[in-house]
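Put chain B on the given structure of chain A with help from the hints.
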Amino acid sequence: APGDIIAAGTGYMRGHGTYVEDEKLVASVAGVVERVNKLVYVKALKTRYNGEVGDIVVGRITERLCWKAKLLLQIYSFEQVHFFLSMNLPGGELRRRSAEDELAMRDYLQEGDLISAEVQSVFSDGAVSLHTRSLKYGKLGQGVLVQVSPSLVKRQKTHFHDLPCGASVILGNNGFIWIYPTPEQKDEEAGGFTTNLEPVPLSDREVISRLRNCIVALVTQKLMLFDTSILYCYEASLPHQIKDILKPEVMEEIVLETRQRLLDLEG
Amino acid sequence: MASVVLSEAEKLYIVHGVQEDLRVDGRGCEDYRCAEVETDVVSNTSGSARVKLGHTDILVGVKAEMGAPKLEKPDEGYLEFFVDCSANATPEFEGRGGEELGTEIANTLYRAFSSESCIDLKSLCINPREHCWVLYVDVLLLECGGNLFDAISLAVKAALFNTRIPKVRVLEVEEGSKEIELSDDPYDCIRLNVDEVPCIVTLSKIGYRHVVDATLQEEACSLASLLISVTSKGALTCMKKVGKGSLDPESIFEMMETGKRVGKSLHTSLQKILDEEESLGTTRQKVGFLG
Numbered sequence: 001a002p003g004d005i006i007a008a009g010t011g012y013m014r015g016h017g018t019y020v021e022d023e024k025l026v027a028s029v030a031g032v033v034e035r036v037n038k039l040v041y042v043k044a045l046k047t048r049y050n051g052e053v054g055d056i057v058v059g060r061i062t063e064r065l066c067w068k069a070k071l072l073l074q075i076y077s078f079e080q081v082h083f084f085l086s087m088n089l090p091g092g093e094l095r096r097r098s099a100e101d102e103l104a105m106r107d108y109l110q111e112g113d114l115i116s117a118e119v120q121s122v123f124s125d126g127a128v129s130l131h132t133r134s135l136k137y138g139k140l141g142q143g144v145l146v147q148v149s150p151s152l153v154k155r156q157k158t159h160f161h162d163l164p165c166g167a168s169v170i171l172g173n174n175g176f177i178w179i180y181p182t183p184e185q186k187d188e189e190a191g192g193f194t195t196n197l198e199p200v201p202l203s204d205r206e207v208i209s210r211l212r213n214c215i216v217a218l219v220t221q222k223l224m225l226f227d228t229s230i231l232y233c234y235e236a237s238l239p240h241q242i243k244d245i246l247k248p249e250v251m252e253e254i255v256l257e258t259r260q261r262l263l264d265l266e267g
Numbered sequence: 001m002a003s004v005v006l007s008e009a010e011k012l013y014i015v016h017g018v019q020e021d022l023r024v025d026g027r028g029c030e031d032y033r034c035a036e037v038e039t040d041v042v043s044n045t046s047g048s049a050r051v052k053l054g055h056t057d058i059l060v061g062v063k064a065e066m067g068a069p070k071l072e073k074p075d076e077g078y079l080e081f082f083v084d085c086s087a088n089a090t091p092e093f094e095g096r097g098g099e100e101l102g103t104e105i106a107n108t109l110y111r112a113f114s115s116e117s118c119i120d121l122k123s124l125c126i127n128p129r130e131h132c133w134v135l136y137v138d139v140l141l142l143e144c145g146g147n148l149f150d151a152i153s154l155a156v157k158a159a160l161f162n163t164r165i166p167k168v169r170v171l172e173v174e175e176g177s178k179e180i181e182l183s184d185d186p187y188d189c190i191r192l193n194v195d196e197v198p199c200i201v202t203l204s205k206i207g208y209r210h211v212v213d214a215t216l217q218e219e220a221c222s223l224a225s226l227l228i229s230v231t232s233k234g235a236l237t238c239m240k241k242v243g244k245g246s247l248d249p250e251s252i253f254e255m256m257e258t259g260k261r262v263g264k265s266l267h268t269s270l271q272k273i274l275d276e277e278e279s280l281g282t283t284r285q286k287v288g289f290l291g
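Chain order of the listed sequences is A and B. So the first sequence is numbered by UniProt numbering: it starts at 1 and just counts up by one. So the second sequence is numbered by UniProt numbering: it starts at 1 and just counts up by one.
Hints in this document: simulated from the structure, not taken from any laboratory. Just so it is clear, the structure is predicted and the values come from calculations on it, not from any experiment. Beta carbons: idealized from backbone N, C-alpha and C, even for Gly. Each statement offered as a hint is correct.
With the C-beta cut set under 7 Å, the calculated list includes, among others, these residues of chain B facing chain A:
#: 1; residue: 5
#: 2; residue: 7
#: 3; residue: 13
#: 4; residue: 17
#: 5; residue: 22
#: 6; residue: 24
#: 7; residue: 25
#: 8; residue: 26
#: 9; residue: 27
Below 27 Å or equal to it, Euclidean Cα-Cα: the simulated DSSO-like pairs (lysine-lysine) are:
#: 10; chain 1: B; residue 1: 52; chain 2: B; residue 2: 264
#: 11; chain 1: B; residue 1: 52; chain 2: A; residue 2: 247
#: 12; chain 1: A; residue 1: 247; chain 2: B; residue 2: 272
#: 13; chain 1: A; residue 1: 222; chain 2: B; residue 2: 52
#: 14; chain 1: B; residue 1: 260; chain 2: B; residue 2: 241
#: 15; chain 1: B; residue 1: 63; chain 2: B; residue 2: 73
#: 16; chain 1: B; residue 1: 11; chain 2: A; residue 2: 247
#: 17; chain 1: A; residue 1: 247; chain 2: B; residue 2: 264
Only chain A is shown next, with the shape it has when bound in the complex (with noise of 0.2 Å):
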């Protein structure tokens, strides 16, 4: 917590989150202290999000601006971000900004769509500059978003999941979490054009449901999320009806197993 006191003495490098007190280090912000050799910080439990290049993110269009394909995308929950999009238009084809695409752009995503899409560069002021240059993202149709804090998602190799239990997940570094039913064909991937309006099976919308409430429960309890441990929690829920997962107790014997089932993984 902030005013701990970290370490004393001297020796140290100190990083981020802490601060120097009468020879020893403290703590500035809530959150677990790392060491990388020398270096010691405080990783903060709840951050805003600052974007990464290369980082995948899940974003809601909020408003449009109308001249030079702008569009103002909620990376994060009340807070909004500029960003320039590069997209993948019907057709395949790969355009940059022409005035045809902005009129085509217009048409294709609405306020209050839902898109995934990679970070290619960061301004200095904040601005995020987005591609969706492959075909894997895109706008995003049926499914359910769950919103965490930033830090609880972990840094991996991809970050789009086809869960063995029936259902794809794409953790976005910004803590927007899209669950969505895998789609069969594997051309029709989640950021296709034209959105799939069917009725999804009653299958799928279980197995949707009991992630969702997965993924609440080790949120509250404040786990990282990552494949490995939305499926561990998954299954440590099965014994339980999907709306029971999010009473305390069972929420907190469920996070118990899953992260036993974890550090048995490690050890």
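What follows is chain B alone, placed relative to chain A:
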């Protein structure tokens, strides 16, 4: 009310799920979210309660003050409701944004409590035509996560249950004037009988079915909702329709039946929690705001 923006595909997913009785968080159409109720959280009120229903957080404080009874009801006390939508709840409530919603909720509460059998107002009378107890019920919205009316009515009922009004004695002094003496013992007080206090159940129409306790996302998919105020015995005290959409008379009837059923079970579970809390007495560990 506060609302979220959803994509068309998300709304479609929610609507289809409701038709199949499986909502996004696994609940059925008639299930409530996990609610936390705690009473006696504010020390300088006569009674208080805090209710957390999912992301919705409500705080209610009841203050009993002496005042003059209303002219048309000289031997009864009365209740005054005031609802404050704090800017903490959502950014939409900044400044005076929350006033309209606040007055709407307050008016609904007045209507729900307008029935004579809700609270024994005669017990609030001290001196007919001269003095009576006025209960000022203040509702504070701390966080808005969908289904405000239900959470508020639960909190109001819990706060009234928790209210302790000091006993007073009327003394006859010379010259015919009366003096009121407040009892010295802080534990000597009268409690209110909240058995007939109604709870509001909001039924939101989504597609062809209706759901109870809608989240913010579900509210965004619903065009019309019915608010009914139900007592523990299943009697309706008031009914109100909100929303831009229209409701079929048949669906209104179905929603009323569901509301009565759900309302009764809501009352029993609330009463159970309140009795449990009461039985723990002063040894109860208060969680309050820091828990």
